[in-house]
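Chains as they are written, first to last, in this note's numbering: chain A, 326 to 668; chain B, 326 to 668; chain C, 326 to 668; chain D, 326 to 668.
These aren't lab readings, by the way, just hints derived from the structure by calculation.
On a predicted model such as this, the values are computed, not experimentally measured, just so you know.
Among the hints, a few may not be true.
Identical copies go unnamed one by one, so any copy, or any two together, can satisfy a pair.
Unchecked claim - Straight-line alpha carbon distances no greater than 20 Å define the calculated EDC-like cross-link-like pairs of lysine to aspartate or glutamate that follow:
hint: 1; residue 1: K636; residue 2: D646
hint: 2; residue 1: K559; residue 2: D421
hint: 3; residue 1: K636; residue 2: D336
hint: 4; residue 1: K463; residue 2: E520
Protein chains: 4
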Amino acid sequence: MKAVVIHAAHDLRVEDRPAELAGPGQVEVAIEAGGICGSDLHYYHHGGFGTVRVREPMILGHEVAGTIKALGEGVSGLAIGDRVAVSPSRPCNACDYCLRGEQNHCLNMRFYGSAMPMPHIQGAFRQRLVAEAWQCHKVADGLSANEAAFAEPFAVTLHAVNRAGALLGKRVLVTGSGPIGALAIIAARAHGAVEIVATDVMDAVLVKAREVGADRTINVATHGEQLDAYSANKGYFDVHFEASGNERAVRSGLEVLRPRGVLVQLGLGGDVSIPQNMVVAKEIEMRGTFRFHEEFALAVDLINRRQVDVKPLLSGIYGLDQALTAFETAGDRSRSMKVQLSF
Amino acid sequence: MKAVVIHAAHDLRVEDRPAELAGPGQVEVAIEAGGICGSDLHYYHHGGFGTVRVREPMILGHEVAGTIKALGEGVSGLAIGDRVAVSPSRPCNACDYCLRGEQNHCLNMRFYGSAMPMPHIQGAFRQRLVAEAWQCHKVADGLSANEAAFAEPFAVTLHAVNRAGALLGKRVLVTGSGPIGALAIIAARAHGAVEIVATDVMDAVLVKAREVGADRTINVATHGEQLDAYSANKGYFDVHFEASGNERAVRSGLEVLRPRGVLVQLGLGGDVSIPQNMVVAKEIEMRGTFRFHEEFALAVDLINRRQVDVKPLLSGIYGLDQALTAFETAGDRSRSMKVQLSF
Amino acid sequence: MKAVVIHAAHDLRVEDRPAELAGPGQVEVAIEAGGICGSDLHYYHHGGFGTVRVREPMILGHEVAGTIKALGEGVSGLAIGDRVAVSPSRPCNACDYCLRGEQNHCLNMRFYGSAMPMPHIQGAFRQRLVAEAWQCHKVADGLSANEAAFAEPFAVTLHAVNRAGALLGKRVLVTGSGPIGALAIIAARAHGAVEIVATDVMDAVLVKAREVGADRTINVATHGEQLDAYSANKGYFDVHFEASGNERAVRSGLEVLRPRGVLVQLGLGGDVSIPQNMVVAKEIEMRGTFRFHEEFALAVDLINRRQVDVKPLLSGIYGLDQALTAFETAGDRSRSMKVQLSF
Amino acid sequence: MKAVVIHAAHDLRVEDRPAELAGPGQVEVAIEAGGICGSDLHYYHHGGFGTVRVREPMILGHEVAGTIKALGEGVSGLAIGDRVAVSPSRPCNACDYCLRGEQNHCLNMRFYGSAMPMPHIQGAFRQRLVAEAWQCHKVADGLSANEAAFAEPFAVTLHAVNRAGALLGKRVLVTGSGPIGALAIIAARAHGAVEIVATDVMDAVLVKAREVGADRTINVATHGEQLDAYSANKGYFDVHFEASGNERAVRSGLEVLRPRGVLVQLGLGGDVSIPQNMVVAKEIEMRGTFRFHEEFALAVDLINRRQVDVKPLLSGIYGLDQALTAFETAGDRSRSMKVQLSF
């Protein structure tokens with residue numbers, strides 16, 4: 326079985342790994358599609374992010390879908406041949422956070438492809454994956470594995486819109502219109518947003534933002550004044566989904582949010598400087614959003630029912646033999662939205 | 326009629342001003358007590374804060390109580406001789422924010438002693454104040470005007486605890502234990518907080534914090550490690566009231582808040598740098614809180630019913646002839662908590 | 326100018342009324358479409374509902390749209406020839422409820438066609454209506470006045486889904502699939518509901534429910550056991566929109582709601598008997614929902630943007646000379662969903 | 326070991342039962358105080374309630390406190406001699422409800438002294454109780470076991486006030502001022518309620534209500550018009566805690582709640598008839614509240630810290646040899662508030 330393994334920054338290898346057998350309650354999945362995520366790219370380009378570093382070889386990947394090839398003992402509700410999206414989130418369901426329904430903060434989380442704990446949690450970019458049955462969500466007939474592999478990043482944005490509270494009739498700003506920003510547009514619309522303005526610094530990205538539902542896009546590198554105009558009368562937007570991790574985007578959002586507006590922070594960066602007086606005087610709420618829990622099932626459900634369409638965001642599919650090219654391409658925002666591997 | 330007027334930084338004068346007559350729906354109040362607030366001190370020391378500058382002589386003051394001396398036409402429910410706390414907040418009740426019940430964000434707010442608009446809104450440090458009847462809240466028998474003059478800053482902290490949501494059973498951190506931090510301790514307890522830890526950099530201040538209800542105090546200048554210990558298992562506190570405006574206090578709070586914890590920002594500072602990744606990974610909520618609306622009536626009510634005791638925070642009373650001394654003393658945290666003027 | 330006037334139960338007349346002139350801030354609208362609502366039918370069939378009785382002749386109607394014919398002094402943002410939906414809701418914007426943003430509970434509400442106060446509030450089933458400019462919301466090009474006249478009942482259901490809180494990913498039951506129930510289906514979907522089951526006692530109505538988005542329909546007169554099956558494991562639905570006013574529908578909803586589920590009561594009936602122990606043991610929330618406020622603008626906006634399609638619910642259009650037939654037909658659920666008058 | 330066992334209605338026996346040994350993670354507690362609850366009285370008087378019937382002998386009781394006599398293997402944080410309140414709530418922590426943090430709706434709950442499942446869950450009115458260590462909460466020095474045994478019913482009311490949302494500054498009505506109503510008064514005050522009006526049909530009970538914090542009491546059997554007066558201007562109270570289970574109390578609360586007021590239903594009755602139109606027109610929220618989860622620890626904490634005082638509600642203590650007298654007395658509201666057994 327081949328797997329995509331990171332050894333260090335810029336040292337990505339496709340290696341053979343021993344196959345595993347499905348134990349009780351588990352299934353064996355032939356992975357067919359795997360989306361490359363920003364965190365995968367961080368491992369590839371920088372060997373980690375923040376204080377998290379790759380300290381031993383680790384299989385990357387956590388956005389995967391495939392077909393069930395074998396069932397362990399006692400598995401019901403799934404059958405060989407079923408096509409499934411596999412959730413990378415494996416909370417312990419026993420710690421204090423899990424027993425409050427806050428599984429995304431599990432103290433013992435084993436999320437695929439994470440170098441946070443040691444030993445690292447091996448990821449899902451591999452030809453065969455043995456997973457718990459409850460991680461596997463059936464994909465509707467006629468849907469491609471490629472679409473199904475969007476379930477994970479879409480779940481991230483569904484969690485983000487849940488964090489924002491009810492969006493019905495709300496005016497929404499999305500800053501950073503890469504894969505997560507674009508999926509946030511789809512999620513915000515599904516949650517009832519009535520008007521969505523998206524920004525980025527690249528026109529190619531903004532074309533996609535409009536294609537998936539933004540009512541208006543602004544290239545803030547060239548037309549920042551168009552965004553500034555929304556600051557009249559203390560601000561215009563009810564909710565800001567910040568998906569760039571960029572300090573300038575955070576600060577501009579604070580300017581154009583109306584009093585008691587909510588800034589949901591999706592993008593990861595380092596330290597950012599914020600104008601405390603404005604947060605106070607406008608009573609802004611800044612809320613972090615991290616991964617997801619029940620939203621994975623919802624993501625698959627919405628994709629299955631075709632209530633949303635994620636296909637426009639798939640910009641390239643590469644075979645395992647082109648894994649390096651896939652990672653290089655995925656990192657080039659001018660050409661790529663979501664790049665997937667084919668196994 | 327004498328009034329306390331700021332002309333420029335360090336140019337504070339007690340001046341004669343013409344008396345006014347109570348019009349329809351108004352009352353004339355003989356002001357007896359006026360608390361000096363941090364914003365008064367900013368005008369005195371710096372001539373303003375941020376972009377707000379004193380551009381014409383302005384009467385300071387917005388924490389006042391006194392006795393009604395005359396009633397305008399059509400006033401009911403108040404009588405000459407009634408002792409009242411006077412709310413400095415005068416929203417227009419007609420703009421979009423007011424008609425959503427968000428009067429503290431009124432586009433046409435006329436808050437006493439504010440240099441934000443031009444002409445400035447004159448304040449309430451004067452011997453006679455003509456106010457709308459609805460600004461005046463009756464004080465219970467046996468309560469001093471000095472206690473009643475705490476209604477305004479206490480209302481600020483009641484609004485802050487409302488912004489935090491239900492506090493019943495919550496663990497609360499208060500950073501910055503000056504007048505606002507100390508009143509936040511009282512407000513948090515009144516709202517059901519079960520455990521309150523307060524910090525400051527001065528021991529004298531922390532003595533008061535314990536006196537008004539903090540279960541534990543930490544001098545973070547000398548014993549910061551005691552606070553750090555609360556960061557185990559992703560954090561301990563449910564809510565953090567940040568009343569110092571200090572970047573270090575903000576950052577330490579993010580460390581010791583549990584996932585989905587809420588940081589309510591009361592203190593005003595300039596730009597502060599925050600660790601975006603931690604806000605995201607712990608799904609922290611940072612919420613600004615600004616002034617108050619219906620909480621003024623609640624503040625008077627709670628003081629009237631003696632459900633709270635603000636007296637320990639009154640550290641000095643000065644006559645008008647000692648106004649300069651009062652302002653100098655109020656600015657010295659080692660000696661003063663709340664300093665009031667007597668008219 | 327002709328108007329549709331109720332004098333007493335079954336005494337509906339098309340009468341001449343003097344035309345009015347648009348005063349300052351007002352506009353004159355030539356009404357083109359007017360939807361007959363359940364409350365109009367109550368006045369027609371029973372002369373009122375509950376303790377509300379028709380005590381003087383009253384023009385009926387509050388679901389109207391038309392074209393602006395004249396502008397009063399000082400009106401901006403509207404022009405002669407604009408096609409508009411007219412909100413029937415005229416709160417005072419000065420009472421305690423209005424100043425909390427709860428305008429639908431205004432103590433001085435003047436809602437079109439209401440016999441609650443005396444003199445009654447005259448309605449909008451008339452050829453010319455003088456309204457405040459702020460009541461008028463522009464209709465997008467290409468949209469019919471008939472679609473625009475759905476703004477009012479759609480706003481009622483948008484308010485209902487707002488009352489339910491965020492619906493993203495929620496399982497929804499709608500009981501009573503007449504015009505309000507059907508619009509609730511549309512509104513719940515727009516607010517993110519992932520699965521919608523609708524019930525009624527007439528198959529003809531359920532066909533429409535599926536047409537506007539119900540995933541499944543159940544005729545509870547003939548197949549009640551299909552609904553009962555959802556009570557396993559303490560219940561299935563997160564939210565129940567009760568639009569029938571029928572006691573049996575309320576009670577069946579309590580059975581199939583999951584613990585902490587929310588029952589939003591839209592339908593009006595008299596006294597209903599509920600099983601208190603079940604409300605307690607499952608911690609059900611029953612919430613009334615009444616009219617709307619900011620949701621009127623949202624309704625027009627969603628119709629204008631074609632994010633929703635209300636056309637399937639229009640089952641008949643009658644001229645003024647057929648007003649009696651229109652009212653008789655509107656009351657026959659086997660044949661009619663929404664019946665409108667044409668002026 | 327002696328235990329208090331119900332065999333059928335009016336067939337209560339003090340019987341010998343074999344002692345148990347503390348297994349791993351468990352402790353053996355010598356029970357010292359056990360409060361008689363309304364559900365115990367239902368088993369005694371009626372052999373059950375609703376469809377729940379005693380079908381085999383069952384030890385009653387779930388409000389208990391005592392002293393640890395032995396520790397099972399692996400228990401830490403507790404020592405022999407510790408005095409503890411024992412939570413009767415034992416959720417499975419594995420079902421869907423538990424993993425959402427809704428343990429009080431656990432599908433496999435084993436709550437002491439419940440005839441709901443078969444075999445019945447044996448209760449805690451026994452001289453020695455073997456419990457899980459996590460059920461045991463240490464009692465502060467100087468506090469009696471009798472006070473500690475209030476933790477359970479107090480937790481019920483703390484959960485009820487949590488269900489109501491933030492109470493700071495709210496006006497509260499409590500109907501039914503027996504043990505649960507009286508504890509709801511204490512809990513509402515601890516949660517910030519500013520004004521509490523309590524009702525009952527017996528003056529003796531209302532004396533206690535005032536003693537524990539009600540601002541005003543109304544005997545609705547003799548002075549119902551005093552309550553009716555609160556219905557002016559659409560109503561007065563923000564929150565109504567209904568602890569009587571009585572239909573008249575529910576209906577009167579709907580009259581005097583303000584629009585969007587919340588009725589929290591604590592009391593258990595059978596079917597009650599409610600005016601649907603009023604629930605709709607005032608947008609009332611009726612919320613059931615059932616048992617508790619994390620509030621048990623909070624109850625012990627608040628009692629330990631002496632932030633609340635439950636002692637005034639203890640009206641009698643009876644030895645095991647007087648168990649029948651205790652049950653008879655507990656059922657007589659004219660003489661008893663909370664009656665406890667001594668073991």
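_Tell me the hint numbers this structure goes against, listed in increasing order._
1, 3
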